[in-house]
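S.K.: Using the sequences and the accompanying hints, generate a full structural model.
Protein chains: 2
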Amino acid sequence: MQFTSEKRLDDGVLQREFTLGEIPGTLWTSGSAPAPLVLMAHNNGLPKADPRLVARARYTAARGYAVASIDAAGCGDRPRSAADEQTRADLRRAMQAGEPVDEIFESFIGPLVENAVPEWRTTLDALLELPEIGGPVGYSGGWTALGIRLAVVEPRIAAAGFFAGGYVPRAQREEARQVTVPLLFLLQWDDEGNPRQRALDLFDAFGSKEKTLHANLGGHTGTPWFELEDGCRFLDRHLK
Amino acid sequence: MQFTSEKRLDDGVLQREFTLGEIPGTLWTSGSAPAPLVLMAHNNGLPKADPRLVARARYTAARGYAVASIDAAGCGDRPRSAADEQTRADLRRAMQAGEPVDEIFESFIGPLVENAVPEWRTTLDALLELPEIGGPVGYSGGWTALGIRLAVVEPRIAAAGFFAGGYVPRAQREEARQVTVPLLFLLQWDDEGNPRQRALDLFDAFGSKEKTLHANLGGHTGTPWFELEDGCRFLDRHLK
Chain A
1 MQFTSEKRLD DGVLQREFTL GEIPGTLWTS GSAPAPLVLM AHNNGLPKAD PRLVARARYT
61 AARGYAVASI DAAGCGDRPR SAADEQTRAD LRRAMQAGEP VDEIFESFIG PLVENAVPEW
121 RTTLDALLEL PEIGGPVGYS GGWTALGIRL AVVEPRIAAA GFFAGGYVPR AQREEARQVT
181 VPLLFLLQWD DEGNPRQRAL DLFDAFGSKE KTLHANLGGH TGTPWFELED GCRFLDRHLK
Chain B
1 MQFTSEKRLD DGVLQREFTL GEIPGTLWTS GSAPAPLVLM AHNNGLPKAD PRLVARARYT
61 AARGYAVASI DAAGCGDRPR SAADEQTRAD LRRAMQAGEP VDEIFESFIG PLVENAVPEW
121 RTTLDALLEL PEIGGPVGYS GGWTALGIRL AVVEPRIAAA GFFAGGYVPR AQREEARQVT
181 VPLLFLLQWD DEGNPRQRAL DLFDAFGSKE KTLHANLGGH TGTPWFELED GCRFLDRHLK
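Those protein sequences? They're chains A and B, same order as listed. Heads up, the first sequence is in full-length UniProt numbering, so the first residue is 1 and it goes up one at a time. Heads up, the second sequence is in full-length UniProt numbering, so the first residue is 1 and it goes up one at a time.
Treat the hints as calculated values from the structure; they're not laboratory data. Be aware that a few hints might be false.
[Claimed, not checked] Far from chain A by the CB rule (all over 12 Å, computed), these chain B residues:
| no. | residue |
| --- | --- |
| 1 | Lys209 |
| 2 | Ala215 |
| 3 | Gly218 |
| 4 | Pro224 |
[Claimed, not checked] Output of the computed footprint for chain B on chain A, the stretches with three or more beta carbons under 8 Å from beta carbons of chain B:
| no. | stretch |
| --- | --- |
| 5 | 208-214 |
| 6 | 218-232 |
No residue lacks a Cβ here, since even glycine has one placed at the ideal position from N, Cα and C.
M.R.: Structure below.
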């Protein structure tokens, strides 16, 4: 793991870019004591530099966590193909229009999840070697399918927050039952891209004994600010 | 309004019993500054002395609220009829067994709500005259039907927290659309007495622009302790 740049932000959070082989990542920290780690992923193909992810990461870091995100293959700072970009654009358009997207989830997002998981685990290994990171580890992200897969295969993940997961590939819908860590599941009640009943079914399917659903009125990007606080308190209960 | 007894509890909260005509009530306060008021009702016919209600009231008072509850006619400290007691026992048994209870809700709970609302409003008038109560006013309670009716007819109520309202009389299901104050709606995912889909439909029906659903795994009395904190933070956002 090589740090390639660092920047002290005006909220006191230290934002460092790193590379790990081909994987570009960002680490947000505040203070120097060993902090619990939060892996934060954005939904399918959105870059780790996306302003909404950065805002969540900075807020969480300022609350005493080390927060890390990486770009998936073909996303953000990594080489991209025109075909993938087109597929992503098609997917976003279809979701916003409320059209069915199961096929594209199986053919495109499914492999993206499969490929992303080993990279996140490699990143986790490297992060846990840093003196400023002490574990335990949580997952917090809009990429619900990745979170499900990680929570199933990665025993170091002790708690998970998922956002708006109406659509996930069939493989992750099926392995949701194997997720047993404490869970906070965020749902936008009128999310144009994530059918409500599917999200409720997914919440129902998780195997966790402690799972909480927070649903708020409004569309996909309308999550109220107080859910960021609630999300941190959920992490506090399980990681601190 | 006449205070009939007072007791300083070990958490520093002052618990005072009062009567207002035929209505027996309890007021919990901490400190002497004018505090926002929370009307706290328990579900159908459970007394204001019920330990779960008292625990919620004390916690909320210690967070800087004046909290008040009254016994409805035929409940708690008020004269009771054997017939009503029998109906209540039948209702609880049927709800716990997951049997349909619509008929009993229409014939028994409906009038109970109608009769309770003017008493709560009279109590509200009297409470707001006390120097230690400053408004604004919130409602927090397991008696969802009462809360809906109060939120519709009582403009002084600025925010409402409801709990587990799968079953409410038809009149309140219909007037849910007229509720427009910020709302926190608590649901137990496996509540034996409140069908989940009905509770979700009720949440959907509320007219509030800001409404949040918190659902947790478990049965009717299994609400996790952290929802008490979340409920206070919801009140903080709207009443402080």
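S.K.: For each hint, tell me whether it holds in the structure or not.
M.R.: How the hints compare with the structure:
no., hint, verdict
1, Lys209, "7 Å, violated"
2, Ala215, "4 Å, violated"
3, Gly218, "9 Å, violated"
4, Pro224, "7 Å, violated"
5, 208-214, "holds (count 7)"
6, 218-232, "holds (count 4)"
Checked against the numbered hints listed earlier, the structure breaks hints 1, 2, 3, 4; every other hint is satisfied.
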